[in-house]
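K.L.:
Those protein sequence lines, which keep their order, are chains X and G. So in my numbering, spot 20 of the first sequence is number 20, and the numbers just go up one at a time. So in my numbering, spot 388 of the second sequence is number 388, and the numbers just go up one at a time.
These are computed hints drawn from the structure, not numbers from a lab. Wrong hints could be hidden among the right ones.
Unchecked claim - Here are the computed distance ranges between Cβ atoms for each label pair:
no., chain 1, residue 1, chain 2, residue 2, range
1, G, Glu226, X, Ile17, 18 to 28 Å
2, X, Thr174, G, Leu244, 25 to 35 Å
3, G, Gly256, X, Ala176, 18 to 28 Å
4, X, Arg255, G, Leu244, 47 to 57 Å
5, G, Val279, X, Val252, 41 to 51 Å
6, X, Leu25, G, Ile237, 42 to 52 Å
7, G, Val292, X, Leu29, 25 to 35 Å
8, X, Glu224, G, Tyr405, 47 to 57 Å
Stated by the list, open to error - Computed cross-link-like contacts, DSS-like style, restricted to lysine-lysine with a CA-CA straight-line distance of at most 27 Å:
no., chain 1, residue 1, chain 2, residue 2
9, G, Lys255, G, Lys124
10, X, Lys84, X, Lys57
11, X, Lys226, X, Lys276
12, G, Lys229, X, Lys35
13, G, Lys409, G, Lys328
14, X, Lys84, G, Lys229
Note that the Cβ used here is the ideal one computed from N, Cα and C, for glycine as well.
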Amino acid sequence: MHSYRLGAIGIVTTFFIIIFSTVLLPMVLFNPTDKEHRSNDYTKVPSNVADAARGRKIYVREGCFYCHTQFTRLQDRGYGPLVKAGDFIWETPHQLGTARTGPDLTNEGGRMASEWQKAHLIQPRAVKPGSIMPSFSYLSERDMNDLVAYLQCLGNRREVKDFVEAPDEYRTTTPAGVALHNRKTVDTNASASANAGRGIYTQNCAVCHGLEGYGNGPNALSLEKKPPNFSRPYYKQYSDEFWFYRTSEGVVGTRMPRWAETLTEEQRWYLVAYLKTLPQDQEVTINNVNQVNKVEDIRLPKLSNQQYEPHHGGHGHQTEGDNMSPSEHQMPQPSAPSSSEGTNSSTTTGGAATKEGGH
Amino acid sequence: MIGGLEFSMPDLVKNVPQLAFPHMRMFHVNAVAVGWLSMGYVGSIFYMVPNLCKTKLWSERLGNMTMWAWNLVLVGAFCTLVNGNTEGREYAELGAILDVLVAVALVLVALNIYMTILNRRVKKLYVTLWYFLGSLFWFPLVWIIGQRTFVALPGLNDAIVGWFYGHNILGMWFTTVGVGMMYYLLPRLTQAPLYSHGLSMLGFWGIALFYAPTGTHHITQSPVPEWLKAIAIISSIFLLVPVLTVLTNFFMTMKGRWGQAVTDLPLRFAVTSCMFYLVTCVQGPFQATRWVNWYLHFTQWVVGHAHLALLGTFSFILTSAIYYSLPKLTGKEFYSQGLIRAHYWLKFLGFLLMMTSLTIAGLIQSAGWAMGIPVDQWGLQIRPYWFFRGISGIMIVLGQLLFAYNVWKTLYTKPAESVAKAAKAAEVKA
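In isolation and in its complexed conformation, chain X is listed as follows (with noise of 0.2 Å):
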């Protein structure tokens, strides 16, 4: 008897431990609060336009998470501001995804037009060539403008506050970048840094991007992914980092070359020193968040599923049709006031853009 009783008392002990420290435990002392109003916000969609939080029923149904992750990570470039613990507190089921097979959606609200967003549910390829994502044509047109307005409420318009910065490697955030900085003997503020750097820029770099740093040396006519022009107050924020890491990693998708496999890095500093000199022209530029231009505000897509489905392309012959052109909606409509958007019956959306196509 003593030899499994004892075993027994083991199991439940070990296992009751490990149910304490790892799930009742982050219960009590994990409980994350949302001062900033970050999270995400489904009320904010008029209920006469759609319903959001419905759309995120059907973002769970169809099982959106298995590809589509919630979460950016320090790493992700591109995909919106850093998600915090707070983020997340009305979030249940949570839908953190656990695989990438498609883009992540943490702030994909405001990214896209509505329209677009139901064209790409509808007909992924026709709006976006290359995409493996599914159909979802098969969406009633109430579920799929429910999660239209859903899509558009994720990240409740987080912003993005700083430029990109370069990766942590480069800065003195980790020990590789630490380590970097030490190396480094250049004095990338000095005019005698900058002086030696001219001669590496203008034998190697000047062939693509300009004595001046135009982006137009003699080799950009061939390049079908032209260099930037260096001049633009956009260039004038690049931390020295930035510079270094542009340089010795170059740019993916164009021929800019990855300089740290010629160059070392003291004549890479140097570079940077240069490249800090360059001049700046008066050009206009969007160098804050404020200028981007920014969708309208969320509204009901005027799409019917015959436009982006190739295959029921024939039928679209009605005078409805006609007016729901996708060049039409292309053009802003500031004044459409929101409720005539919102209503989900074809009658009236109909009568409303037939008016609009009179004017």
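Put chain G on the given structure of chain X with help from the hints.
P.N.:
Just chain G, lined up with the frame of chain X:
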């Protein structure tokens, strides 16, 4: 129970090509986890425990009842999940009624087995029984905690509990029962004593201690508490201890008898399973560490790892168990040895192809994410691998169909009622 096994076979490793709908994915996970592996496991437990205890199953009627409950769950799962009636929690998608049904069935199975073990006629508990005892105690609790049927936790807490469950359905059920089965099958098939009982105990307690807290390593880069991540990652690495002791034990048992795997087909399945277990368990701690996870998370690499565990390791050992126990239960030889061979090679090669293509696809994805390249650019690069993965899926399904056909023919070559009697008699005899 045989009915249960039979039912589960068609849905076994239902490998949906990547382009199919997410609903398929839901059903795929649940069919493999609840349908194929769990049902097969319970079937094997019902066979092995009475054998090891040299006594009858405590209640045959209860056993049959749980079998029907389980089949009911699977039918329900099919009807609900394919239509999208899900709770939206990965690995815990089943609706409330089915959750409860599974929990009840599990508790009844546990009761049945505990009573059988109490009535045993041998004094010392073999290590397999330890594993089964542990699993049957842990898993109902893990299931009940993990389903979160009637609670709505705030997002991240939901995720913590979710991954506690998500990893422990593997760790405290598939692994522990699977390893228990290996302990049973290897000595039986090779006719050799187990290398070391002490070592097996070390492995058992190691796994009991280190497996359960590892769940949080699935969300290492989300804003959950750092201490929890640390516990998860450290225990993931410590898992190497039980894994290596267990495998040392197996390999030392096999010493000098590797040649038997050439002729003995169930043994061949079992040995393959051990090998994949080694690979998957070395991979696991490696990718749980922060810096590897940083690179590999969210990609098909992880999918490959999951298939390595569930398909490569536990599906193989389960198949081995069925090939071993079915002739003993029915008193008949298998309908066709050739079909078993074909099954083995289709499954083995199909799986290798799948593993390779998923891993390569995962590395491409990792590189894409790490370099910040948009998905639609590298998405096209992994299409060929998804194609190969589809082919491998077809191979595996084909293998399993042959397996199902073989089992069917074995069972029903004679009138059905005599088979049922033979099965009962064999269980009693055993």
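K.L.:
Output the numbers, in ascending order, of every earlier hint that fails for this structure.
P.N.:
Hint check: 3, 5 and 6 fail, others pass.
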